[in-house]
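Asker: So the chains spell out like this:
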Amino acid sequence: MTSTATRPAAGETSGQAETGPGARPGTVPPAKRNVPDPAERARARKLQSRRTQARNWLLFVLLAGPNIALLIAFTYKPLLQSFYYSTLQWNIGSQRAINVGFRNYTDWLTDSTTPQVIGVTVVFTLATVGGGMVIGLGLALLLNQKLKLRGPARTIIVAPYVLSGVAVGLLWLFVFDPNFGIVAAVLGAIGLPSPAWYNDPQWALVMVIIVQLWKNVGYIALIYLAGLQAIQADVLEAAALDGAGPVRTFRRIILPLLGPTSFFLSVTTLLSSLQSFDIIQAMTKGGPLEGTTTMMYEIYREGFVAGRAGYSSAVATILFVVLIIVTLVQLRFVERKVHYS
Amino acid sequence: MMRRFPIGGYIALLVAVAAMVLPLVWMLLASFKGQTEIYSLPIQWLPSSFAPTNYSDALGVVPFGAFFVNSAITTVVGAGIKIILGLMTAYALVFIEVPFKKVFFAIVIFALLVPQQIVIIPNYTLVASLGWLNTYQGIIVPGLASAFGTFLFRQHFLSLPPSVLEAAALDGAGHLRRLWAFVVPMSTPTIAAVALVSVVTEWNEYLWPLLVVDRPNMMTLPIGLTLLQNTDGITNWGVLMAGTVLVTLPILIVFFVMQRKIVAGLTAGAVTG
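Order-wise, the sequence lines are chains Z and B.
Per UniProt numbering, the first sequence starts with residue 1, numbered consecutively.
Per UniProt numbering, the second sequence starts with residue 1, numbered consecutively.
For reference, chain Z alone in the conformation it holds in the complex (with noise of 0.2 Å):
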């Protein structure tokens, strides 16, 4: 990582950056301003002749103009549009649109599969967040020991992340075949049953819940293993000639100190796991009942499966609103809390 202890303020702020709701809130340091002399700022300026002016604009334009259009068509534009769609009866591909103003949402709401669909995502997302920074802390942990042979296990433990969603997906499958798989193997030889990974909507969700695990852990371990690493030895040194021991040293020195990595693990993992879709596109198709069928798999099939656009639109923002509040807690929460960096 590079120092970022001094760095020049240009002119411009970086105020939103630091307080934006940015979807990674936290990886900015605060600025420091170290503004020129104001007299000097103020007759340079007034040197900058209209012609320098225009000059700026069109290269400002030539340069990033093409990025922020990209941006308003393909990520602003549809945002709205979406917004809009929602509010219609309308079939993908089709010619006709009724508006129906919010029976779309109210349809969503009142649906018999929605509390399912709503526990669903709710469960999967909680195993996969809680489960992962758990046990990607533990990784960490165990990574920032010692140990021989620790950076090539580093690796090895980071790879399943580089991989597609659809691959993993289908390997761990067969993994999971009740009958022919490694999973059915094991438990066999201790003498229990397969679980109907297939066909039983419970573990089913409890597979892909396991298979995301496997996918993200090596990422989480590696980001949190990067703020051990950024934990000055002195301060340990210290807590252990205070006679702390490992357990409380953890609790009371390291945790605290992880605090902002943590609160950017949060966020990360939340919302790609709220996102996710690959591995259940894979594994089960959101079945079997519906078993895995989180709220974006709901936007896929209702959309592009059952073709049903407007309501497909609905539960995307209703998704939408969901991420945006998500962070928005976060970040309050992490205003309070966090006061490390």
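Accuracy of the hints is not assured; some may be wrong.
[Said to hold, decoys possible] Pairs of lysine-lysine residues, derived as DSS-like cross-links and limited to a Cα-Cα distance of at most 25 Å, are as follows: (1) LYS101/B x LYS77/Z; (2) LYS77/Z x LYS102/B; (3) LYS148/Z x LYS101/B; (4) LYS102/B x LYS146/Z.
These are calculated hints, taken from the structure and not from any lab test.
Mind docking chain B on chain Z? Use the hints.
Answerer: Below, chain B alone, put in the same frame as chain Z:
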């Protein structure tokens, strides 16, 4: 002071590594097994031969060569343009003085809050109306904009020594020359890290190409792989695992060769020092 040999630590490390490696080994071994070896109880770990029958079957059933070419094209072009867009935008945001620059920075940052998954229906409708279904531009263009890359590049550019760029400006180097001849060479580690993470992401991209492509000869590897799953009623695990190996192996090789840079890219966004 005597140091105890941390036997517990090594056992834990071994368990963690085994949990990561075993499923991958299982996939690799299964890709060489015949139907009878797959469907045998108790399970048979090693295949009787390493003849690549399943691989030739997989390549025969679906156009894997085309999948590979499509994945390579969309990954290289997509990640390449994305990096260039990110560099240009970050340079403009840091080094070119214009009013309302903060607004443009906000446009980039707030885009991070809008996942592509949320806007699939309007984007699909747009791409379909442009006649871009089953085309490379249909796969690539909607995900081309760089928000996170721009953000990281901007952070890096702010840490560059201004004296170098001032000297270049005094020597008469214009903005474009300053970008390509000074800023880019001073930023190669960051660019490499962001580029590698983009390559991995593009290669694994699934939902969007699944929506805009339904002709097998335009499919990328993750989409084409699922064709092996659906060819007939009963899953032919051997062939499916061979396909899975073909999809995962290239990225695993890239990862193990470049792991230092990829790890740097993954941690770049998180670590604030």
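Asker: Against each hint, give a clear statement of whether it holds in the structure.
Answerer: Do the hints match the structure? See the list:
The straight-line distance between the Cα atoms of LYS101/B and LYS77/Z is roughly 21 Å, inside the 25 Å bound, and the hint therefore holds. Distance check on the hinted pair: LYS77/Z and LYS102/B sit about 20 Å apart at the alpha-carbon level, within 25 Å; holds. Distance check on the hinted pair: LYS148/Z and LYS101/B sit about 50 Å apart at the alpha-carbon level, beyond 25 Å; violated. The suggested pairing of LYS102/B with LYS146/Z is violated, with an alpha-carbon distance near 46 Å, which exceeds 25 Å.
In terms of the numbered hints stated before, the structure departs from hints 3, 4, listed from lowest to highest.
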